[in-house]
Amino acid sequence: DTEVTQTPKHLVMGMTNKKSLKCEQHMGHRAMYWYKQKAKKPPELMFVYSYEKLSINESVPSRFSPECPNSSLLNLHLHALQPEDSALYLCASSQVGQGTGYNEQFFGPGTRLTVL
Amino acid sequence: QKEVEQNSGPLSVPEGAIASLNCTYSDRGSQSFFWYRQYSGKSPELIMFIYSNGDKEDGRFTAQLNKASQYVSLLIRDSQPSDSATYLCASKKGIGSARQLTFGSGTQLTVLP
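As they're listed, the protein sequences go chains E and H.
Numbering follows my numbering, with no gaps: position 50 of the first sequence is 50.
Numbering follows my numbering, with no gaps: position 24 of the second sequence is 24.
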């Protein structure tokens, strides 16, 4: 199984709503990532979890709150978002370790978020 | 100077031709390099990665790395209309660690039937 799944596929929310994005992988990967991608731009890293611990936070506003309940799951909790937060949110996972074959990141299909 | 630079294109090639996508990087600490293909409205799909100088071939795709020139390329042989997409070049410091990818801005490729 080389698949990263994300739910929901689409999400429309108001600025006062609270919602969560979910990501799941069963490849035994111990690193998971959240990226944000705006139209015609490359993915922009938000957070990295390594062995279920937050290892990188790219100065993301606190209205985005990540959570890694276990090695297969990654959540992104959303609260009080702004219209400019509308984007494609991508989850990725990878192995962690030395040597070849341990560094590729595999992306999920993404959640298309619209903030009204 | 951006860490990873790509020609944004668009690059158009006729069906059956070789498409050549280029990428340069500025950080000599970058050790591994990745090519992703992204169709419009979809997520990036890993095509190849390379970390040693030279060529690496996989089917119609060949990745090339020249660390001295800080240059990475992707060749697509026998290009098909289904190859039309944006191609993202990415670098990473370290081989096995959970480090972030640094993406170029992508090259839009169109293969004309």
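It is possible that some hints are incorrect.
Calculated pairs, BS3-like style, for lysine-lysine (alpha carbon to alpha carbon, straight line, at most 27 Å) [unchecked claim]:
(1) K42(H) with K36(E)
(2) K42(H) with K22(E)
(3) K93(H) with K53(E)
(4) K9(E) with K22(E)
(5) K93(H) with K9(E)
Estimated spans, in silico, between C-beta atoms of each pair [claimed, not checked]:
(6) G14(E) with E45(H): 30 to 36 Å
(7) S65(E) with S26(H): 39 to 45 Å
(8) Y51(E) with N53(H): 27 to 33 Å
(9) P10(H) with Y51(E): 40 to 46 Å
(10) P10(H) with K18(E): 21 to 27 Å
(11) N66(H) with E67(E): 29 to 35 Å
(12) D55(H) with P61(E): 40 to 46 Å
(13) L11(H) with A80(E): 37 to 43 Å
(14) I18(H) with K18(E): 33 to 39 Å
(15) G16(H) with S65(E): 48 to 54 Å
It should be emphasised that the hints constitute simulated quantities derived from the structure, not laboratory data.
Predicted, not measured: the structure shown is a model, and the values here were computed from it.
All C-beta atoms in this analysis are idealised placements derived from N, C-alpha and C, irrespective of residue type, glycine included.
Query - Hint numbers contradicted by this structure - result: Going through the list in order, the structure violates hints 5, 7, 10, 11 and 14 and respects the others.
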